[in-house]
Amino acid sequence: MPSSEPDAPITSADVAKVASLARLRLDDAELERFTHQLADILGHAADLETLDLAGVEPMAHPIPLVNVLRPDVPGDLVDRDEALAQAPAAEDGQFRVPPVLGEAP
Amino acid sequence: MTGIDLDRWEVVIGLEVHAELATRTKLFSAAPNEFGGAPNTHIDPLTLGLPGSLPVLNEHAVELAIRVGLALNCTVQRSVFARKNYFYPDQPKNYQISQYELPINVDGWLELPSGQQVGIERAHLEEDTGKSTHVGGGGRIHEAEYSLVDLNRAGVPLLEIVGRPDLRTGEEARAYVSELRAILVAVGASDGKMEEGSLRVDCNVSVRERGAAELGTRCEIKNINSLRSLGRAIDYEAARQVDLITAGDRVVQQTRHWNEDDGRTHTLRSKEEADDYRYFPDPDLVTLDPDPSWIERVRLALPPLPAARRHRLAETAGVPLEQTALIVERGLDELCLAAVAAGADPARTITHAEHNLSDERARALDPAAFAALVGMEVGGQLTATQAKAVLAELVEQGGDPVAIAAARGYEAMDDAELEGLVDGLIAEHPEEWARFCDGDGKITGFFVGKVMKATQGKADGKAVTALLNSRKG
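Protein sequences appear in the order of chains L and S. Counting the first sequence from 1 gives a position; this note's numbering is that position plus 995. Counting the second sequence from 1 gives a position; this note's numbering is that position plus 1.
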């Protein structure tokens, strides 16, 4: 969580930052509503933290399945023109996008 | 900017290498993993990030990751795929699937040809992104009018190999990448082609005064496309940082872009603002937990690795480890071992392999013929120069070294014949002989040259020198 103190309650500034990282534009009313909702969720997580969970393996996934794998065999493709036709703009067989500032991470 | 004072400054280097895995299909979908191809022809719903498409892990990519992990002496463990969230048009899902808290391989090391061990922090699976081409503004990213995106590469399996900051010079960094590449190729995990982007190197560089306990602030350098650029980029960046510090400034943690044309690194962006990726476990993928028997099967099937091959050759031939590096790199170690097993003198065998067998065809050389040739040289039937010529012909055409030597008219000189020749030269050149007797080493070549001329190169230079010394009295 963006809060500097792990136990500090989530603030509307935290929510605004997460929203901006997720490219969500929230108005003041939404910001307040989501801050409350997220605080409730984090409160529930804090309740769990009071339990003694030593020796309990963290659960990464609710379904008790491991190693779902597929063989390395080529399959069906999407036709390029069909894919490009759904994009706002295309050029020379490629997706045309607005200029991006900076390199990918 | 000049070279830095290495008595005062220590350069600390850690490398992150992304290797494209040599699978037939992508990491999470059945679109082909092939270099090149017309733009956007290797795409399927998952590559496009279409709603409803779901990732399924490629078994062979896992197998290759385990091979590399074991070859790098890592622990192969239970791992979890996570979403790394950021917005960039070359990955339409708006997140990259990677491994974060639990990577498949952790805590390994590799050994450089010098014998130095370099730590490996982790080697995890992740998907590659597409390719953007920036149009307008002379191709410069900040001035582009728009960008074109090709998603052929998006979703190709990558293994990101994160090395510990154990490297101290550009030369060590190059040796590390070169060794890593040799390992990746040996286990069949990658074709290792830097020029096609199969192997991409990001380099973390910091400097500190010698003896300092804390590491300096580091910068990450991207866009390094060759081993040569790697050394140049490190030298440039270390000097830039030392200049900043000695001028009373400070190094700002940031990502910098290596420009091959001007030989400098340039700011891309500051690290703090870009580093909030909000990783979380990908709910579309389950835990990967390779069975111990699978890992053991992979371990048993691993080929001999370069470091083990160097040690074996060094021990068998009784030569220093460093002398085996080039031979193993050229794949000539089996030949040398077979020649030595066939009775060839180990030291001469290694010397020939190191200096006289750069030809690619040398790998096909018959070990028995090679051993016979070394035997003729050591036995005095051939001089070093003649042996080299016969060897070159063996590599080109094969055959029997005895027959080749005879066809070339290489006959061992009779000892008495050589003695007579040397004594005659001494008598003819009393001035030069006096200088030789006074210990003028340079004049040795004068006599050896005369003997070679008289014998059309058949004499053994070492035997001539020995003879001259014996005549000094």
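Be aware that a few hints might be false.
[What the hints assert, rightly or not] List of simulated lysine-lysine pairs, BS3-like, C-alpha gap at most 27 Å:
#1 S:85 with L:1012
#2 L:1012 with S:94
#3 S:473 with S:451
#4 S:454 with S:473
[As the list claims (entries may be wrong)] Pair ranges (Cβ atoms, derived):
#5 S:6 with L:1038: 31 to 39 Å
#6 L:1082 with S:277: 26 to 34 Å
#7 L:1038 with S:35: 48 to 56 Å
#8 S:4 with L:1048: 50 to 58 Å
#9 L:1051 with S:35: 14 to 22 Å
Rather than coming from a laboratory, the hints here were simulated on the basis of the structure. Note that beta-carbon positions come from the ideal geometry of N, C-alpha and C, so glycine has one too.
Checked hints:
{"no.": "1", "hint": "S:85 with L:1012", "in the structure": "holds, 17 Å"}
{"no.": "2", "hint": "L:1012 with S:94", "in the structure": "holds, 21 Å"}
{"no.": "3", "hint": "S:473 with S:451", "in the structure": "holds, 18 Å"}
{"no.": "4", "hint": "S:454 with S:473", "in the structure": "holds, 22 Å"}
{"no.": "5", "hint": "S:6 with L:1038: 31 to 39 Å", "in the structure": "violated, 57 Å"}
{"no.": "6", "hint": "L:1082 with S:277: 26 to 34 Å", "in the structure": "holds, 28 Å"}
{"no.": "7", "hint": "L:1038 with S:35: 48 to 56 Å", "in the structure": "holds, 51 Å"}
{"no.": "8", "hint": "S:4 with L:1048: 50 to 58 Å", "in the structure": "holds, 55 Å"}
{"no.": "9", "hint": "L:1051 with S:35: 14 to 22 Å", "in the structure": "violated, 45 Å"}
The structure fails hints 5, 9 (numbered hints given earlier, in ascending order).
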